[in-house]
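Same order as they appear, the protein sequences are chains F and Y.
Just so we're aligned: the first sequence equals residues 1 to 364 in the numbering used here.
Just so we're aligned: the second sequence equals residues 1 to 259 in the numbering used here.
By construction, these hints were calculated from the structure, which means they are not laboratory data.
Just so it is clear, the structure is predicted and the values come from calculations on it, not from any experiment.
No residue lacks a Cβ here, since even glycine has one placed at the ideal position from N, Cα and C.
Honestly, I wouldn't trust all of these hints.
As the list claims (entries may be wrong) - Straight line, CA to CA, 16 Å or less: simulated EDC-like cross-link-like pairs of lysine to aspartate or glutamate:
no.: 1; chain 1: Y; residue 1: LYS3; chain 2: Y; residue 2: ASP69
no.: 2; chain 1: F; residue 1: LYS255; chain 2: Y; residue 2: ASP79
no.: 3; chain 1: F; residue 1: LYS255; chain 2: Y; residue 2: ASP69
no.: 4; chain 1: Y; residue 1: LYS8; chain 2: Y; residue 2: ASP69
To be verified - Cβ pair distances, simulated, as ranges:
no.: 5; chain 1: F; residue 1: THR117; chain 2: Y; residue 2: ASN113; range: 53 to 63 Å
no.: 6; chain 1: F; residue 1: LEU161; chain 2: Y; residue 2: GLY22; range: 36 to 46 Å
no.: 7; chain 1: Y; residue 1: ASP141; chain 2: F; residue 2: ARG74; range: 29 to 39 Å
no.: 8; chain 1: F; residue 1: ALA171; chain 2: Y; residue 2: LYS8; range: 52 to 62 Å
no.: 9; chain 1: Y; residue 1: ASN137; chain 2: F; residue 2: VAL260; range: 29 to 39 Å
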Amino acid sequence: MSAATAERTGSRNRLTSGQLPRYATLYTLAASIVVAAAIMGLMGFNWIGLAALSALIYLIAITVLSSVVENRRRATDRFIRGLVTVFFILALLPLISTLWTVVSKGIGVMSWSFISTSGGQSHIDPKTLELVTPQGALQAIVGTLEITGLATLFSVPIGLLTAIYLVEYAAPTFWLRRVVNFLVDVMTGIPSIVAGLFAFSLFTLLMGPKAFSGLSAAVALSVLMIPTVVRSSEEMLRLVPADLREAAYALGVTKFVTIVRIVIPTAIAGIATGITLAIARVIGETAPIFMAASFTDSFNANPFSGAMQTLPVMSYTGYKFPGQDIELSNNLAWGAALLLVIIVVILNLIARLVAMIFAPKTGR
Amino acid sequence: MSKNVNVKNLNVYYSDFLAVEGVSMDIAARSVTAFIGPSGCGKSTLLRTLNRMHEVIPGAHVEGQVLIDGDDLYGPGVDPVTVRRQIGMVFQRANPFPTMSIKDNVLAGVRLNNKRISRSDAEALVEKSLRGANLWNEVKDRLDKPGQGLSGGQQQRLCIARAIAVEPQILLMDEPCSALDPISTLAVEDLINELKDTYTVVIVTHNMQQAARISDKTAFFNIAGTGKPGKLIEYANTTEIFNNPTVKATEDYVSGRFG
Chain F
1 MSAATAERTG
11 SRNRLTSGQL
21 PRYATLYTLA
31 ASIVVAAAIM
41 GLMGFNWIGL
51 AALSALIYLI
61 AITVLSSVVE
71 NRRRATDRFI
81 RGLVTVFFIL
91 ALLPLISTLW
101 TVVSKGIGVM
111 SWSFISTSGG
121 QSHIDPKTLE
131 LVTPQGALQA
141 IVGTLEITGL
151 ATLFSVPIGL
161 LTAIYLVEYA
171 APTFWLRRVV
181 NFLVDVMTGI
191 PSIVAGLFAF
201 SLFTLLMGPK
211 AFSGLSAAVA
221 LSVLMIPTVV
231 RSSEEMLRLV
241 PADLREAAYA
251 LGVTKFVTIV
261 RIVIPTAIAG
271 IATGITLAIA
281 RVIGETAPIF
291 MAASFTDSFN
301 ANPFSGAMQT
311 LPVMSYTGYK
321 FPGQDIELSN
331 NLAWGAALLL
341 VIIVVILNLI
351 ARLVAMIFAP
361 KTGR
Chain Y
1 MSKNVNVKNL
11 NVYYSDFLAV
21 EGVSMDIAAR
31 SVTAFIGPSG
41 CGKSTLLRTL
51 NRMHEVIPGA
61 HVEGQVLIDG
71 DDLYGPGVDP
81 VTVRRQIGMV
91 FQRANPFPTM
101 SIKDNVLAGV
111 RLNNKRISRS
121 DAEALVEKSL
131 RGANLWNEVK
141 DRLDKPGQGL
151 SGGQQQRLCI
161 ARAIAVEPQI
171 LLMDEPCSAL
181 DPISTLAVED
191 LINELKDTYT
201 VVIVTHNMQQ
211 AARISDKTAF
221 FNIAGTGKPG
231 KLIEYANTTE
241 IFNNPTVKAT
251 EDYVSGRFG
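Turn these sequences into a full structure, and let the hints guide you.
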């Protein structure tokens, strides 16, 4: 046996015959780019054409190469791998492009004073006697946080309790459960503008005409948020193994205590993540807020009366209804968009952190 | 502390489906009774009716009586929660609460039932229960670590500790060793032997050697065919069931012959 092994060490392993060399993919890709560049050179150069042509040449080349040197199975594998990668890059492009546009255009106005001052009426500076119009996003940041916060405050109890009812209490064929399920599905499909109209007309009926307020916008957002919270919490509660509920019941624990002390703590990480993602989803809503809370450049931190500004609305109005200085208004709009993206990123980070903190520990 | 169980003409239904038919048996206090029989013959169902755990499944109900020291479990106005506080249960799969430490798992039954317990009493109870479950020496240095960090066998013994911490009169075990290795199984079997001094133990098992090793009496259940109800075929002392059964089906089952 040792003699046979010794014999084999010098020569190539027979099991590896009929394969392309290790970095064949990279060589082929490089060659495809060079060929594509040469062809583009003849026809007139542009980057998109180069990328598309390289991808095409690469897919053809690697498939032909592989089917000649290797076998059909590997050729198909390499072709599909290439195709999947191409589509992955295609899917990623708009995302990166959007992010790049927002960051590159918004970074210009980003400064401490942009975040810490609010817009408002122009006034004459008593020292220099110049007309000064304060420019800032503070009113929009405060408005966004207050409106979304209130919406969360309304939606989480309603949504979570609905989910608990659906998972823990309603029998599968009970009529109320079907009705609730149907309504939640319908609510999921409500266009946000309809939610805005609902809140606007509700508050107009209650408070009289021109009843713009942050509260009204929060009601509109919670209409959009409740179904998301119900569905995500429901999923998470269903993931809690029935074993745990049975273990608690077998100890003589009541159903209510089992839900509060066993089921919810076990699912809390997922529920918290779901809620945060629901917040991140509605925080960017423009239409319903525009309708229910109108827009303003002045600072208003009272959600119960008066128009309120939010970041998405500020972004919209900055473009649609620019002030005297159109350039500046547009820049402020991009700044608001960037701030919104930053807040959403922070929310997502918080969601991950919460999930990590609450996740059941399995250390030894 | 332990009580005897009398089952009288018990029929168990899942909605309209009759799962177990006409079971009558007397289980003595401070004994180990094993339920054996093929899968689907209703032994687990019957076990779960002994502490009304089958009611967790919507539509499940029973006819007949289960008397615990003469009190009817299914009498009008009996709260299943009260019943389950007196009749503990250990499940096939170890199910410690994932959000709780080893210590909190043992104390879960007491704490979740809103009983106040002083720190020193709690520590004494944890030690007593874990010792009772033969687990104390293995976990005494890491009581505050999560219960799910233990091995499968340890988790199952933790569940037993949790069940005996509420000091039930009767302990029901639904295939407690089916997911365990032989060494953990031995530990649990030793434990059952000790537990029968204080508790009435009823155990469902697929392992006939196990039934022969640990039980005083054995009940053999069988089913005539799919969709038919399970029935109690023979109930006698374990030695009799395994050495000298009166019914042919029992003999075929315990000796491994079927049909």
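Unmet hints by their number, sorted upward, for this structure
3, 7 and 8
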